[in-house]
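Chains as they are written, first to last, in our numbering: chain S, 1 to 365; chain A, 366 to 1128.
Keep in mind that the hints were calculated from the coordinates and are not lab data. Keep in mind that the hints are not guaranteed to be accurate.
[As the list claims (entries may be wrong)] Straight-line C-alpha distance at most 30 angstroms; calculated BS3-like pairs for lysine-lysine:
hint, chain 1, residue 1, chain 2, residue 2
1, A, K603, S, K186
2, A, K514, S, K154
3, A, K753, S, K147
4, A, K694, S, K155
5, A, K1007, S, K325
6, S, K197, A, K794
7, S, K145, S, K186
8, A, K416, S, K197
9, S, K159, A, K471
10, A, K794, S, K145
11, S, K181, S, K218
12, S, K186, A, K591
13, S, K357, S, K325
14, A, K471, S, K245
15, S, K145, A, K591
16, S, K245, A, K779
17, S, K145, A, K641
18, A, K694, A, K625
19, A, K641, S, K245
20, A, K416, S, K154
21, A, K514, S, K147
22, A, K471, S, K155
23, S, K155, S, K318
24, A, K784, S, K218
[Unchecked claim] Examples of chain S residues lying across from chain A (beta carbon under 10 angstroms, computed):
hint, residue
25, V84
26, N87
27, S124
28, E148
29, K215
30, S247
Built from N, CA and C at the ideal position, the CB exists for glycine as well.
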Amino acid sequence: MAGSDQSDINVTQQTLSGPSLFGAIAPADQKSACECSIIQLHQPTTIMKQTIHIAAAALIISPAFAVESHLDADLKSYVKVSGVSGNLNSIGSDTLNNLNTFWAEGFKKNYPNVNIQIEGKGSSTAPPALIQGLSQLGPMSREMKEKEIDEFEKKFGYKPTCVQVAIDALAVYAHKDNPIKGLTFKQIDSIFSSTRKRGGDDIADWGQLGLEDWKGRKISLFGRNSASGTYGTFQKEALLKGDYKSSVKEQPGSSAVIQGVGADLYALGYSGIGYRTSAVRAIAVGGEDGVLHEPSYENALSGDYPMARFLNIYVNKKPGQPLDKLTLEFLKFVLSKEGQQIVEKDGYYPIPAELAKEVISALEK
Amino acid sequence: MPGPDAKKPDPKRFEVSRNTLLFDRFMGWFIRFGGIAVIIAVIGIFFFIAKVAVPLFRSANVEQSGSVEAGVVPPVIGVDERGEMPFLYEGGSKLTFLNFVDQSTKELTVPGLKDAVITAYAFDTVRQRLTYGLEDGRVGSFLINYERKFNEDATGSWLEPAVIEEPVFTVEHGEGPVTAVSYGDASDPDDPSGARLIVVKRGEGQKASVSVIKLMMKKGLIGTAKLRMVGQTDLSSKLSGEAAMVRASSNGTMILVVSKNGDIDYFARDVLEVNKVQTFHPFEGEVPQQVDLLYGGVSIILTSRDGQQQQWSLFRESAESVRTFGMVKEFPPLPKGAVVFSNSLRNRSFIAGAGNYLSLRYSTSGDVRWEQQVDYKPVAGIIDGKSKHLIVAGDDGVIHRYQVNDPHPEASPKAFFGKVWYEGGMGAKYQWQSTGGSSDFEPKFSLMPLIFGSLKGTFYALLFSIPVALLAAVFSAAFLPLSVKRVIKPMMEIMASLPSVVLGFLAAFWLAPVLQYRVPSVMLMILMVPLSVLMIGYCWGRLPVVLRNRLDGGQEWMLVLPVMFLFGWLGWILGPVVEGWFFVYTDSSSGKQIADFTMWWPQATGMAFEQRNSLVVGFMMGFAVIPVIFTIAEDALSNVPKSLTAASAALGANRWQVVWTIMLPVASSGIFSALMIGFGRAVGETMILVMAAGGTPVMEGNIFNGMRTLAANIAIELPEAAVGSTHYRTLFLSAVVLFILTSVMNTLAEVLRQRLRERNKIV
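Isolated chain A (complex conformation):
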């Protein structure tokens, strides 16, 4: 303010300069723009991720895409992998190929069948193999091979079907013509076990018999193999009744014989032996009309005459028992009538039709993906190799083709978040196992173990880091002299810049092996170190004031630190001693006793002890999380106005009272923010968990085993997931889940923080 004897003040002196005003306005808009841009970017990222995940929830789209007049009602229909050229077979030596592209027809004859009398036949879609049985008790087979030919510049192509005949075998057992036949073949091009078998039924009624021809086709990594017969087994004496149907799984490991009384006998094939494992009876008192194997050879779909449909799978009822069939799922019923069935060679879909009804179903989820009433009665149907077309032969002599667009049948809310009974499992459960070595693997896409893992990892990380970080922040803000604080705080902040890959590497290959046999030591240290500090505090308080005044306020740490280290060291040393007292493993058979926590824990609790466990992860995540929480909390505490702390000190509050009654409440909202940012860091942390958490998608809270988190799972699996596949999109879905998880938590926290701030508002 100008003095009284100053000259008349220049009014311009009080005006803000034009430049400053302009700059102010510019910055105002600039910051607003920046803020909005950040919000848009975050929303944009969310939408981008969500956009990749959304197609998972689309239902199947099936449309008719052409038909061909065949003039016959074929019992067997097969097709090439692109659904262009189906073939029809009615027994005999003739195959009719119909071309959907140019509507032409082509016939092929199987030379070996010219004069043969075929009495039974079956078609295996997996290998495109037709197996036939003859009147004289011989069985043989041939493969239908579609070769794609290209023109000169590879712009156009056409299919060239051919027949490859396979050896004919004479059935040793039984008599009469072959009445039913089925071929099982494990010889994947890359599966070296090479087991094959043919199940044959001969004769009818009293004279009926069932036997198995065992074949072998073993080959190394390269070179061709030769098919040889390794024996034949007569199964007739082991059957529950006269066989009505025989089925060999397409992987050649099991045989099902359906009796006319409705019993199903299940035989398993070892290398040389065929053993009866189980007899089961689905559909009380009824004979199943259809028994069909699903792709993969561990599940069967049974359909009764009145249209009930069930899935039975091989699994163990208890840990010790052998794998037997049990009912896993029931599908919505079909109308009555003859059943058309064909399974996809890409996933667990299958078509099922009866009467005028046609449907596409998916076995893992038990869903009906598509259904329709058609104006003809389907008599035979097939899904092409790529699962892009359904070819259905109607009773009107027309072959209908449908285009299928159902890229993600595996996906459904139930698959992601519900319990599903997977093939081979011992019950419905949450399971993540996204990819398998072969295409017939049933993917398991439950996100629950991953969400659980994320929360578990975060919980243990925060359990360890919140007390340490907050106590450190309080100590640094309220007790430490400025000179020391100037060194400590930047040091803690530098800790935050440690790359988490390095932390993960250290955790996995140094900390984990060290901690594995030192758990009692760690427990003792966690107990003893804080106790030692409290003890010193107590003793210090008892000392005469003269002695205490020798040390300036805030210098006590020099006294505390050595004692803390001493007790920490003592804890480490005494760990094995304590282990010998409490954690003794007793061998149940020999009574031998071993003092070892790693063995005691599973015996005492029934839970696993892993080297890479949550304890290790919690420790290492602490390095990443502590600096974050510490810095922000420390700032909040340091920013408590000096006027308040000084005033309370002047009124006689001691240092602890100042902290407890003034600093903590005033800074509470800031501390809360620190915790939330720490939480965010822990939830999103990836590399430490990838390297040190073991990556086991288990759902146990057990501190001594690992976990797999959403973030770690994405990091591990995304680079290898086929772009656009269900697996790929599911990983994006898990990113959406992670996003929602953190934003819900943050929103809740922000609301809480605002309340805290309102309540503790100063002035």
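Chain S with its partners taken away, still in its complex shape:
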């Protein structure tokens, strides 16, 4: 059970519960003020980060849990090379903003002459920036839409290259005091979907899930906004591409989902595993065979827990030619042991060494 699983873990103090704050306030703020958050990686970043630390501590929305490490032992340490300098621009996803900032910081420790600018205004800002040559890195929390690839192809004649930098498993969350053990895909579909492609009967009441004491309690549904990658992945995997019920409360950020579920005893929501807090419980999910699986790293990799996706950085790589040195070294850093440690610290799952090696060799070709 997820509950015992959590309490057994030794809760070492982790300072920054980054995603929960960024998800809730940062995007909202940006939208209302209509301005981009350009993080220039000099002194101000550290100051900004400190304020975030303080804010996180002050609001105490949720301390992040320290989970045992999933870092692949075969991941290589980053080896510094000579002759790396210049400007590196990254424009794209706000989900990856945090991760990107930490990577940039780590990268700059190796190369003090490199200047990195990170803008996180949403995934859809990445393709236009790549096409116009404003950025070398296009972080996206979803995959590029065909329309965006078309635009890119129209300009350059080849497709953009997708670099997988981290794994995000989707979890179904319930309030921490919710006694439910787990749900099968069919039940999840019946709860969240209006078209119910898995063929179950509509479920709106906790009593229908076998909780006798909660008969008559309606399930309060939380989800992500429709344009996010999380929304799409959940729709594809759990609802078999069916429609969501219109009573699913679509939240602007992943942490808003968690906070919503944490504040509502009868709620159920889905979000990335990196956002788990002590107020909620990630419940086990059963696939077609009905056997429940915890959303663990192993289960995500093996496919037993099927709701997992990659976080991507898109780059403009000419076919048959290696990537420019600065971008390549940055991505190598991201895919190194150090880079993947950052991934883990930020609550996502690191990618296996085998895949990292594969991706790097593809970029060097």
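With chain S's structure known, arrange chain A on it following the hints.
Coordinates of chain A only, in the frame set by chain S:
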């Protein structure tokens, strides 16, 4: 005026100085310029927004862009995603590739088919897979793979077609040669379910049989998977008649067998089982000539021999029933003749042609996007992967290519403002669900739920804030002593400067959970607090004048406030008691009774109760709207000339009469402006609604569920919408709608205000 004994006045004394005149003229022009600039800016913004939205309403543009002499009339035609190099297949082991760019021809042979006798074949455009059946009862398939090669500096590229052969399976059931075949495959690169199937018909007439080969290709997040057969099922005994056509959906979950008597049997595939779900009979007494699956695998397009065309979709007729096929739409009829069909892999468009007629249609709206009479008979056609080209093979042995420019087929006035029957839905309805996880998602772009949400949010916000703000303004302007007013008014104005993100955050994570179980308390408070004030007023009036005179005019609030708080507190405390009396939920099966409003409300009214509801939003929006209305209304009331109020007071009117008969009518136009500005604030409010309204695009007036407003929807979805896509432009269209909504309301209000002002003009 100079006195009589003053010296002769200096005439210059009465002249206005040149500088003042100049300054006056300058300011006059400056203000005029500013005013005009503001108007131009507003119109400019409107046009900019509208300009982004306008392309939505352009119709499709289709033009012929080349042709290649093929010399054959191919039954199967396929093409790469850019429409550059179609291939033709006529059965056998040979594939012919025609290049539109350099007009060259290339042939490829499928090695495994060298000596085989192919008796049936089918092409799946989604996976570029050709499935074939052999005389000896085996079935196999191969994929056509176009690889793009680049030259050294990536300036030029060309296509390199290749064939990838897949395993061959022996059909266990039935006998005779394979007479029809169809392959269904769910293995999206990112879809782990990995179910596949092949439907096979063997033999003809009495000996005919239909069976399914079930395949599985399961893989994790990384790594490669292996294809294995998990079983075969004979469907022959379950069929309504001899099969004429077999179709597997390209996602491998359903099988359709069209009988020669016109019945269509629908089988659904679970992991291991294939079960018959339904038999349906479209086109009374006729056998459909064509049965084609639309992209997404939930809809089929049926075309009869006389050219009728219908869309049937899988949906539930009632909440409990299973998903079955039912007719959803009828398209304009086609001329008679063999039908050419191919669906787009980008949206719900498809080409349909018959006789000399060719058309591009869109299934969601049922529109014909483009149609033309051509001077040849189309025999096969295909839309390329990017939906940019139509490749049509004619009976004259020529392959025609058309360039398609139809970026927004999803958009139409009906899609935005009308009811549409979407795939899988239980009927035509207004629905907003703009994006899905996959490209085969059918977008639902009805703006009605959003417009409704905007109006609903505004209604509840104003319902709460107008009484409070107006009463406060009247009290402050007419009753409060100046010393207190000097403190109160700026305080209210500071309230307006609270960032709405903070308000939204508070509403969502503090107020909503608190109010969830306190609805009866809130109702009681809303009832008791005003009543308590009226009660005090009544009692106060009964008190002897000597006692009343102890308190200066305007100091009564010191007495009222504690009582108000007391009754508010009492309401809060008594809420659960009242809940126990009136709001009791009864469990239908066990008869157990629970006093809980959140459970009682859905049972009693059939409507939902959500934690994030309009009540919470109304309260919090009040914080944003009340200060605006209050300040302006208060100013209007305070600016009523003292001469009027003093005169009426002198004539014996009491304070209330002065307010009611003099101040309110005179200030009415100002108060009206205050309300309109409050309305504007509420309609355009974004962050509170993004965070606290739940973002549910429902169309219910129910106070206990949420809403999604136009503004909140733009804020949530625009940063993730692909620039230039239909979704992106639709969001701009919704901004135009919001703009029009507010300007119409404001114009109406301004007209009304002018009338009020005319009527209550003083002096």
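Hints versus structure:
no.	hint	in the structure
1	A:K603 - S:K186	holds (27 angstroms)
2	A:K514 - S:K154	holds (16 angstroms)
3	A:K753 - S:K147	holds (11 angstroms)
4	A:K694 - S:K155	violated (39 angstroms)
5	A:K1007 - S:K325	violated (78 angstroms)
6	S:K197 - A:K794	holds (19 angstroms)
7	S:K145 - S:K186	holds (28 angstroms)
8	A:K416 - S:K197	violated (39 angstroms)
9	S:K159 - A:K471	holds (25 angstroms)
10	A:K794 - S:K145	holds (27 angstroms)
11	S:K181 - S:K218	holds (18 angstroms)
12	S:K186 - A:K591	holds (26 angstroms)
13	S:K357 - S:K325	holds (17 angstroms)
14	A:K471 - S:K245	violated (51 angstroms)
15	S:K145 - A:K591	holds (28 angstroms)
16	S:K245 - A:K779	holds (22 angstroms)
17	S:K145 - A:K641	violated (36 angstroms)
18	A:K694 - A:K625	holds (24 angstroms)
19	A:K641 - S:K245	holds (28 angstroms)
20	A:K416 - S:K154	holds (23 angstroms)
21	A:K514 - S:K147	holds (22 angstroms)
22	A:K471 - S:K155	holds (28 angstroms)
23	S:K155 - S:K318	holds (12 angstroms)
24	A:K784 - S:K218	holds (29 angstroms)
25	V84	violated (24 angstroms)
26	N87	violated (23 angstroms)
27	S124	holds (5 angstroms)
28	E148	holds (5 angstroms)
29	K215	holds (5 angstroms)
30	S247	holds (5 angstroms)
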